[in-house]
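Visitor: Sequence:
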Amino acid sequence: MAEVITYKPGAYCQLKLASRERVLISCAQTGIKIMKLGLGGLIPTKTIADWPVSKLATAVHIFADETNPSQHPLEAIKNKLMTCSSIHEIEQLCAGI
Numbered sequence: 001m002a003e004v005i006t007y008k009p010g011a012y013c014q015l016k017l018a019s020r021e022r023v024l025i026s027c028a029q030t031g032i033k034i035m036k037l038g039l040g041g042l043i044p045t046k047t048i049a050d051w052p053v054s055k056l057a058t059a060v061h062i063f064a065d066e067t068n069p070s071q072h073p074l075e076a077i078k079n080k081l082m083t084c085s086s087i088h089e090i091e092q093l094c095a096g097i
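For the sequence shown, counting from 1, position 89 maps to 89 in our numbering; every step adds exactly one.
Incorrect hints may appear among the rest.
Said to hold, decoys possible - Here are the simulated lysine-lysine pairs, BS3-like style, with alpha carbons at most 30 Å apart: (1) Lys-16 / Lys-46; (2) Lys-16 / Lys-80; (3) Lys-78 / Lys-55; (4) Lys-46 / Lys-36; (5) Lys-36 / Lys-55; (6) Lys-8 / Lys-36; (7) Lys-33 / Lys-55; (8) Lys-8 / Lys-78.
FYI, nobody ran anything at the bench for these hints, they're computed from the structure.
Note that the structure is predicted; figures quoted are calculated from it, not measured.
Just need the whole structure built from these sequences, with the hints factored in.
Guide: Here is the structure:
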């Protein structure tokens with residue numbers, strides 16, 4: 001299970017996965033991004049997923065919690081990614097595999 005390293009409600013969340021890899025989930029007015037972080041979580045090294053505002057329906061389809069439809073997208077994404085143990089699993093989830 002992943003560990004929350006930093007969390008600012010409605011803005012961003014950094015997770016450390018079981019594989020010790022770190023990811024940053026960023027929710028902004030321009031859209032949602034999930035990035036792999038390097039150097040102890042300091043530098044983004046790869047964009048895993050990027051949903052601009054025009055493509056947010058895709059992210060909602062992947063991460064929405066049907067039992068809590070009013071949940072903020074950041075919270076829904078964090079909860080789903082907490083179950084992933086590696087970047088590879090997150091890539092598969094985001095690709096719909």
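Visitor: Take a quick look at whether Lys-36 and Lys-55 sit within 30 Å of each other, Cα to Cα.
Guide: Status holds; Cα separation ~20 Å.
Visitor: For the pair supplied as a hint, Lys-16 and Lys-80, is the alpha-carbon distance within the 30 Å limit?
Guide: holds, 14 Å
Visitor: For a C-alpha distance cap of 30 Å, please report whether Lys-78 and Lys-55 respect it.
Guide: It holds: about 19 Å lies between the C-alpha atoms, which stays within 30 Å.
Visitor: So if I understand the rule, the pair passes when the alpha-carbon distance is 30 Å or less; does Lys-8 with Lys-78 pass?
Guide: Between Lys-8 and Lys-78 the Cα gap is close to 12 Å, so the pair holds against 30 Å.
Visitor: Is the Cα-Cα distance between Lys-33 and Lys-55 30 Å or less?
Guide: holds, 11 Å
Visitor: So if I understand the rule, the pair passes when the alpha-carbon distance is 30 Å or less; does Lys-8 with Lys-36 pass?
Guide: holds, 18 Å
Visitor: CA of Lys-16 to CA of Lys-46, is that 30 Å or under?
Guide: Status holds; Cα separation ~15 Å.
Visitor: Between the alpha carbons of Lys-46 and Lys-36, is the straight-line distance 30 Å or under?
Guide: holds, 5 Å
Violated hints for the displayed structure: none, as all numbered hints are satisfied.
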